[in-house]
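Undergrad: Taken in order, these protein sequences are the chains called A and B. Each number in the numbering used here comes from the position in the first sequence (counting from 1) with 1 added on. Each number in the numbering used here comes from the position in the second sequence (counting from 1) with 1 added on.
Keep in mind that the hints are not guaranteed to be accurate.
[As the list claims (entries may be wrong)] From the derived model, a few chain B residues whose C-beta atoms are all more than 12 Å from chain A:
| # | residue |
| --- | --- |
| 1 | ASP91 |
| 2 | PRO117 |
| 3 | ARG131 |
| 4 | LEU138 |
| 5 | ARG174 |
| 6 | ALA182 |
| 7 | ARG204 |
| 8 | GLY206 |
| 9 | PRO211 |
| 10 | ARG228 |
[What the hints assert, rightly or not] Here are the computed distance ranges between Cβ atoms for each label pair:
| # | chain 1 | residue 1 | chain 2 | residue 2 | range |
| --- | --- | --- | --- | --- | --- |
| 11 | A | PRO211 | B | ALA209 | 41 to 51 Å |
| 12 | A | PRO98 | B | ALA145 | 52 to 62 Å |
| 13 | B | PRO62 | A | THR65 | 25 to 35 Å |
| 14 | B | GLY56 | A | ASP59 | 51 to 61 Å |
| 15 | B | LYS171 | A | ALA142 | 33 to 43 Å |
| 16 | B | ALA182 | A | THR65 | 48 to 58 Å |
Calculated directly from the structure, the hints in this document are not laboratory data. Even for Gly, the Cβ is constructed at its ideal location relative to N, Cα and C.
2 protein chains.
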Amino acid sequence: MKTCGILGGMGVDVTGEMIRRILDATEAKREQDHLPLLINHNPRIPDRTAALLGGGEDALPALTASVAVLARAGADFIAIPCNTAHYYYDAIQAATPVPVLHMLKASVSQCAVVQPGAAVGLLATTGTVRTGLYQGLLADAGLALHVPDEADQDRVMAGIEAIKSRHGLKAARRDMLAVAARLISAGAGVILVGCTDISVVVRDGDLAVPAVDALSVLAELIVRTAREDPS
Amino acid sequence: MKTCGILGGMGVDVTGEMIRRILDATEAKREQDHLPLLINHNPRIPDRTAALLGGGEDALPALTASVAVLARAGADFIAIPCNTAHYYYDAIQAATPVPVLHMLKASVSQCAVVQPGAAVGLLATTGTVRTGLYQGLLADAGLALHVPDEADQDRVMAGIEAIKSRHGLKAARRDMLAVAARLISAGAGVILVGCTDISVVVRDGDLAVPAVDALSVLAELIVRTAREDPS
Chain A
2 MKTCGILGGM GVDVTGEMIR RILDATEAKR EQDHLPLLIN HNPRIPDRTA ALLGGGEDAL
62 PALTASVAVL ARAGADFIAI PCNTAHYYYD AIQAATPVPV LHMLKASVSQ CAVVQPGAAV
122 GLLATTGTVR TGLYQGLLAD AGLALHVPDE ADQDRVMAGI EAIKSRHGLK AARRDMLAVA
182 ARLISAGAGV ILVGCTDISV VVRDGDLAVP AVDALSVLAE LIVRTAREDP S
Chain B
2 MKTCGILGGM GVDVTGEMIR RILDATEAKR EQDHLPLLIN HNPRIPDRTA ALLGGGEDAL
62 PALTASVAVL ARAGADFIAI PCNTAHYYYD AIQAATPVPV LHMLKASVSQ CAVVQPGAAV
122 GLLATTGTVR TGLYQGLLAD AGLALHVPDE ADQDRVMAGI EAIKSRHGLK AARRDMLAVA
182 ARLISAGAGV ILVGCTDISV VVRDGDLAVP AVDALSVLAE LIVRTAREDP S
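Assemble the whole structure, with the sequences as input and the hints as a guide.
TA: Have a look at this one:
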């Protein structure tokens, strides 16, 4: 049994949702059958989209320092339930000897499993979209990509800010579903929920096509990785 | 700003509920305004009621080791959202230089504030009830106590086991509310939700009298303590 270290707090409601999805993905009959988790819930990490696009404070020093806390505490591997933070994946992994799961690679693989060959509609932060975090991975997998037009991307980002501030969640959910519906009209055969804040308000089953939720993909990967070592 | 270390996983859904109540108790406009938390979610700690009553494995070594992980990770103070684990409070505090909050003392104080002088009806594990964890504190506060009769206490404990196993939550909630109603009929003017598993299914407002929920009391205490030091 390996212990997962989770760097959470991006946003604040994602940590609880991450735990819930790990619990749901775990076969267990009683409390003591569940996986131990070490969690650094650190909402003080500078906003990733602002850092990447708006000249906001660099998020990398806080990310590597927060991962180091988990490593020192005894984590055998690390999960970072924030899609945009994966912009810094290589630098984060280079700064720690502890293996870091790659949520985005696993999510793209899952898209190809759920709807083989289907074009992917992406709901994500403007930071994730504009830096092309998913584009290269999807191209490598031979999958076409639909991203929202500029007005819709602004709606998605406003919804993410609303979820992060814990106000206006219903309107945010409504906007996300409307943007997803337009991506489906444009040809998307699967919706990739590529921002864990959106995972808090949108569920698989909410849409006319299957959704691949990066947070659920990460939860399944955490459970598998924790159980890899039977010791 | 002080960093709270949370020893969670007792039971598994309590950790997410603890985070949510801390978020709800925090004045914040944006993600970065929220408190950092270090969380050791450790469901492998031996069952406390079994340890105290049934000759189950001693829970103290795992509790002190789990607190030590949080101390090493940099926690400035510790919170343990499990009422029954407070049986070991003195031994846990003796084993770490980091201050540990006392959820039960704070909860009894809150009962006296919410319904001054009212008799308290206790919903808690059989471990908490039989070892008298709340009895002495309530007597010191001059508050009378009503505990469920034996058959009702068995219903409460069965409900807690159901919540811990993540099955039968609706029936567990129904049983908890029925037992609480009988405590109120017997004279309780406030219901003390003194098991954090019960906190997952019963809310203030569910009953004919006010509820004091130890998990919410702890959340408020964590927010206050984290902000004590303005550094």
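Undergrad: Please go over all the hints and tell whether each is borne out by the structure.
TA: Cross-check of the supplied hints:
1. ASP91: 24 Å, holds
2. PRO117: Its Cβ never comes within 12 Å of chain A, the nearest being 33 Å, so this holds.
3. ARG131: Correct as stated: the minimum Cβ-Cβ distance to chain A is 20 Å, above 12 Å.
4. LEU138: 26 Å, holds
5. ARG174: Answer for ARG174(B): holds, closest chain A Cβ roughly 18 Å.
6. ALA182: Non-interface label on ALA182(B) holds, nearest chain A Cβ at 28 Å vs cutoff 12 Å.
7. ARG204: 16 Å, holds
8. GLY206: Nearest chain A Cβ is 20 Å from GLY206(B), so the label holds.
9. PRO211: 25 Å, holds
10. ARG228: 14 Å, holds
11. PRO211(A) x ALA209(B): 41 to 51 Å: 46 Å, holds
12. PRO98(A) x ALA145(B): 52 to 62 Å: Given a distance of about 58 Å, which is inside 52 to 62 Å, the answer is holds.
13. PRO62(B) x THR65(A): 25 to 35 Å: 33 Å, holds
14. GLY56(B) x ASP59(A): 51 to 61 Å: 55 Å, holds
15. LYS171(B) x ALA142(A): 33 to 43 Å: 42 Å, holds
16. ALA182(B) x THR65(A): 48 to 58 Å: 53 Å, holds
In this structure, none of the earlier numbered hints is contradicted; all agree with it.
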